[in-house]
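Turn these sequences into a full structure, and let the hints steer you where they fit.
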Amino acid sequence: MSWDWNYTGEILPDLLSGLRITIAATLLGYVIALVLGLVWTLLQRTPSRAFNLAVHWVAEFIRSTPLLVQLAFVFFVLPGWGLTLSALTAGIIGLGVHYSTYTAEVYRAGIADVPRGQWEAATALNLPRRRVWRSVILPQAFRRVIPTLGNYLIAMFKDSPLLMGITVVELLNSAYQAGAKSLQLLEPLTVVAALFIIVSVVSSLIIRRLERRYATN
Amino acid sequence: MPPTDTTPEAPTPEEAPKTPLSKTPLPETAPSKTPLPHGDTPGIRFEKVVKRFGGNVVLRELDFTVAPGERVTLIGPSGSGKTTILRLLMTLEKVDDGVIWIGDRSLSHMERGGRRVPANEKHLHEMRKQVGMVFQQFNLFPNMNVLRNLTEGPVHVLGVSRDEAVERARGLLDMVGLADKIDAHPSQLSGGQQQRVAIARALAMQPKVLLLDEVTSALDPELVVGVQDLLRDIARQSDLTLLCVTHEMHFARDISDRVLMFDQGQIVEEGPPEQIFGDPAEQRTRDFLQAVLAT
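Order-wise, the sequence lines are chains V and S. 108 is the number that my numbering gives to position 100 of the first sequence; each next residue is one higher, with no gaps. 219 is the number that my numbering gives to position 112 of the second sequence; each next residue is one higher, with no gaps.
Misleading hints may appear alongside valid ones.
[As the list claims (entries may be wrong)] Quick look at which bits of chain S chain V covers, simulated, 3 or more residues with Cβ under 8 Å:
#, segment
1, 156-164
2, 192-203
3, 230-238
4, 241-255
5, 354-363
[Stated by the list, open to error] Calculated lysine to any residue pairs in the SDA-like style (CA-CA distance at most 25 Å, straight line):
#, chain 1, residue 1, chain 2, residue 2
6, S, LYS201, V, ILE162
7, S, LYS236, S, LEU199
8, S, LYS236, V, TRP127
9, S, LYS229, V, VAL209
10, S, LYS229, V, ARG137
11, S, LYS288, S, LYS229
12, S, LYS229, V, GLN126
13, S, LYS201, V, SER56
14, S, LYS201, V, ILE119
15, S, LYS236, V, THR131
16, S, LYS229, V, LEU20
None of these hints come from the bench; they were simulated from the model. Think of the CB as a built atom: it goes at the ideal place given N, C-alpha and C, for glycine as much as any other residue.
Spelled out as structure tokens, the structure:
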């Protein structure tokens, strides 16, 4: 089996359009994961222990079940309950919700890492609770967890081929479709791997730069 | 002892022990107008206060009074409960029993339906307005510059306009000698500078009671004197009620009207600094002072 550059050139536009879908799904899912993760974390810090525990177990359930099962549930089961979503929307929501349970843990650790003296100084200044979170605790917690949150972006990106399972024509699916026509999978799959590496490496560099910029002294 | 419904009278200014040290005239160099609080200073009263951490009883039915405007230093070995007293006053800890009074209002309890119940957050918020605290580890907010460290509280707690808060912050930074560091972040400052900013931050809230918790213990020796001088000036130029925990006995002697010697959650001996440091009555105090002054 030898490498066919002409064939590679022919399939590249399809693969790049698949890559666009993959990146869009990852980024939009990541926004959901970042926002919803914080919601999970804060909902586990209410005065009601029973409520906190209930939220904890819901998040634990989502984290402990496979992403592919969740994607299938959102795309194939929810329409039966009257909620029909496009494959891409279902994929973005599935990815975002699944990873939000991981980012929630990251936030939790980041908040726990803020020194107790910061809470005490905020109390001594009599700052209202909401202000303490907004101005003192969360900004410091975010800075501490930027590297870990960045790693989850890359992990989400690498999990995005699972969206193929619910018919999203993302990068891997577009490679399969190209390969199915020509019965040649070497080039499409190699290009897919190369594109994944390129995007991952570039993302890592951006994250490292962000990490340096927001490093706590 | 069950709490009573009658409000105890706040200690009157006449009760404040007057020592020559407390009435030292202002130094010639003192600025004529300082942004320091004046007037309506409340006293403090601990009434059979008990504080436990697990099985460890830190304060045992502690009773003591601090008169309005009085400067009191708490000394004693580690674990004797000194810092716990400051933390209770700052509401960073809750009393297990007894009542703490600031002025004529209970800090730890509030009235509800004619009964005294543990204070809720609203009551604590109201009471905390009178109290400020400076910590051993400074605890400046590292994500904010010096100016924002000083304006965050006044703007969001006292409802002061941003312009006025900035003006007040400039005045305080001038007073602590750090006017040029207004835009710096805490990480760009030395320990001594950070502690000066922390003092300014506490004063920006215009407290009536200021708590100083071993404020020079974390500083390099050469920076200690500057911070102590600043606090001496503040003590002279304001009528703040001051509670200070320190291991620096010279500083305690200079700044205090009265010294309380603590051991195992109780007051062993109290008196004016001249007496406590010059002629302590209790053997425990003599042993402690000997140990501290030997280091």
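Going through the hints against the structure:
Coverage of the segment 156-164 of chain S by chain V is violated [criterion: at least 3 residues with CB-CB distance below 8 Å; count 0]. Counting residues of the segment 192-203 of chain S whose beta carbon lies closer than 8 Å to any beta carbon of chain V gives 3, which meets the minimum of three for the stated coverage. Against chain V, the segment 230-238 of chain S contributes 4 residues with a C-beta closer than 8 Å to a partner C-beta. That satisfies the three-residue criterion, and the hint holds. Counting residues of the segment 241-255 of chain S whose CB lies closer than 8 Å to any CB of chain V gives 8, so the stated coverage by that chain holds, three being the minimum.
Beta-carbon proximity to chain V at under 8 Å applies to 0 residues in the segment 354-363 of chain S; the threshold of 3 is not reached and the given coverage is violated. For the suggested pair LYS201 (chain S) and ILE162 (chain V), the alpha carbons sit about 45 Å apart, so the restraint of at most 25 Å is broken. A threshold of 25 Å between alpha carbons decides the hint, and for LYS236 (chain S) with LEU199 (chain S) the separation of about 14 Å falls inside it, so the pair holds. Distance restraint check for LYS236 (chain S) and TRP127 (chain V): the Cα-Cα separation of roughly 17 Å lies within the 25 Å cut-off, and the hinted pair is therefore satisfied.
In summary, the hint linking LYS229 (chain S) to VAL209 (chain V) is not supported, as the alpha carbons are separated by about 51 Å, beyond the 25 Å threshold. Between LYS229 (chain S) and ARG137 (chain V), the direct Cα distance comes to roughly 11 Å. Compliance with the 25 Å bound is thereby established for this hinted pair. Using a Cα cut-off of 25 Å, the hinted pair LYS288 (chain S) and LYS229 (chain S) is violated, with the two alpha carbons roughly 35 Å apart. Between LYS229 (chain S) and GLN126 (chain V) the CA atoms are separated by roughly 21 Å; this keeps the pair inside 25 Å, and the hint holds.
In summary, the hint linking LYS201 (chain S) to SER56 (chain V) is supported, as the alpha carbons are separated by about 20 Å, within the 25 Å threshold. At roughly 23 Å between alpha-carbon atoms, LYS201 (chain S) and ILE119 (chain V) fall within 25 Å of each other, so this suggested pair holds. The suggested pairing of LYS236 (chain S) with THR131 (chain V) holds, with an alpha-carbon distance near 10 Å, which does not exceed 25 Å. Between the alpha carbons of LYS229 (chain S) and LEU20 (chain V) the distance comes to roughly 64 Å, so the proposed pair goes past 25 Å and is violated.
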